[in-house]
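Student: One letter stands for each residue in the lines below.
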Amino acid sequence: MSKLKHQMVRMDRRQALKAAGAGVLAMGLASAAHATPEDAAMAVSKLGGSATADSAKITIDLPEIAENGATVPVNVTVDSPMTAADHVKHIHVFAEGNPSPEVISFNLTPSTGKADVGTRMRLGKTQNVVVAAVMSDGSVHINKKEVKVTIGGCGG
Amino acid sequence: MANQPRVKLPKSAKAGEMIQVKTLASHDMETGNRKGKDGTPIPRLILNKFSCTLDGNEIFSADMHPAVSANPYITFYIKAEKSGSYVFNWTDDNGEVTTVSQDMAVS
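These protein sequence lines are chains A and B, in that order. Sequential numbering of the first sequence, starting at 2, is according to the working numbering. Sequential numbering of the second sequence, starting at 643, is according to the working numbering.
Simulated from the structure, these hints should not be mistaken for laboratory data. There's no promise every hint is true.
Restricting the straight-line Cα-Cα distance to at most 27 Å, the calculated cross-link-like pairs of lysine-lysine (BS3-like) are [claimed, not checked]: (1) B/Lys-677 <-> B/Lys-650; (2) A/Lys-115 <-> B/Lys-679; (3) B/Lys-664 <-> A/Lys-58; (4) B/Lys-721 <-> A/Lys-58.
Here are some chain B residues the structure puts well away from chain A; computed CB gaps all over 10 Å [to be verified]: (5) Ser-654; (6) Lys-679; (7) Pro-685; (8) Asn-699; (9) Glu-700; (10) Ile-701; (11) Ala-704; (12) Pro-708; (13) Ala-712; (14) Glu-723; (15) Val-739.
For glycine and all other residues, C-beta sits at the position ideal for the given N, C-alpha and C.
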């Protein structure tokens, strides 16, 4: 009798392990549907140049808490004289937790006059927004800021 | 596009002045991630490119991805250098281009 009981316990353990395995698999699938900080970092690294983390040159204006993830206002200012010799070429915005990390890329020229751009974006969940600025000398500056999202805005 | 996009650009400016331009296009910016009532995915259709040019020279442009909100709103600055017709273009996934042009006199 006690042997049978023991077997039952073993069975339970096996089932439990199976269930745990399925759980891990499900988690893997769930994370595949969303970008990860690594995806965003990879997208930034593709820009080339030596990225400087937490650059003071970039100011990201974002709400701390976004009630509606469908329209989150964002404004980015980069400290640059914007002359032909020294200007910001691109400002890329990435969202670490969206289905794909790219949000928008602004392409600037010396005629832009001031590296100050804004838009409204969708954020699926609470996450970091990463901004990378590519300068005319090829250097890349990055900065990021966290936004808490109450209702996600990616549909689905 | 259902409605013409709106562009806020002053009619005149002083030379060298930094001018903020605000643009608002009306578009659903369908991400391609959503599903319709019958469970079939709604195909992606977004405006993927915005540009501002003067005499064919690009002053500013933006590459948009599905994470840009519906009715994309973009603000940027331009340096008032010369008078002319500033041309704003929005291109969607099908290659359809919507154009708005506005004159600004620089003195």
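Student: None of the hints should be skipped; say for each whether it holds.
Tutor: Going through the hints against the structure:
Taken as a hint, the B/Lys-677 and B/Lys-650 pair is broken in the structure, with Cα atoms around 35 Å apart against an allowance of 27 Å. Distance hint between A/Lys-115 and B/Lys-679 is unfulfilled; the C-alpha atoms sit about 45 Å from each other, more than 27 Å. Restraint check: the Cα-Cα separation between B/Lys-664 and A/Lys-58 comes to about 24 Å, which is no more than 27 Å; the hinted pair holds. A hinted pair counts as satisfied when its Cα atoms are at most 27 Å apart, and B/Lys-721 with A/Lys-58 qualifies at roughly 21 Å.
With a least beta-carbon separation of about 17 Å from chain A, B/Ser-654 lies farther than 10 Å from that chain, consistent with its non-interface assignment. Non-interface call for B/Lys-679 relative to chain A: holds, since the shortest CB-CB distance, roughly 13 Å, exceeds 10 Å. Consistency note on B/Pro-685: stated as away from chain A, and its beta-carbon is indeed over 10 Å from all of that chain's, at 13 Å minimum. At roughly 7 Å, the least C-beta separation between B/Asn-699 and chain A is not larger than 10 Å, which violates its mark as non-interface.
Distance check for B/Glu-700 against chain A: the nearest CB is about 6 Å away, which does not clear 10 Å, and the non-interface claim fails. For B/Ile-701, the shortest C-beta to C-beta distance to chain A comes to about 4 Å, within the 10 Å cut-off, and the non-interface label is violated. Non-interface status of B/Ala-704 relative to chain A is broken: a Cβ of that chain comes within 10 Å, the nearest being about 5 Å off. Look at B/Pro-708: its CB is around 7 Å from the nearest CB on chain A, not clear of 10 Å, so calling it non-interface is violated.
The claim that B/Ala-712 lies off the interface is violated: its Cβ sits roughly 7 Å from the closest Cβ of chain A, which falls inside the 10 Å cut-off. Against the 10 Å criterion, B/Glu-723 falls within the reach of chain A, whose nearest CB is about 6 Å from its own CB. Every CB of chain A is more than 10 Å from the CB of B/Val-739 (nearest about 17 Å), matching its label as outside the interface.
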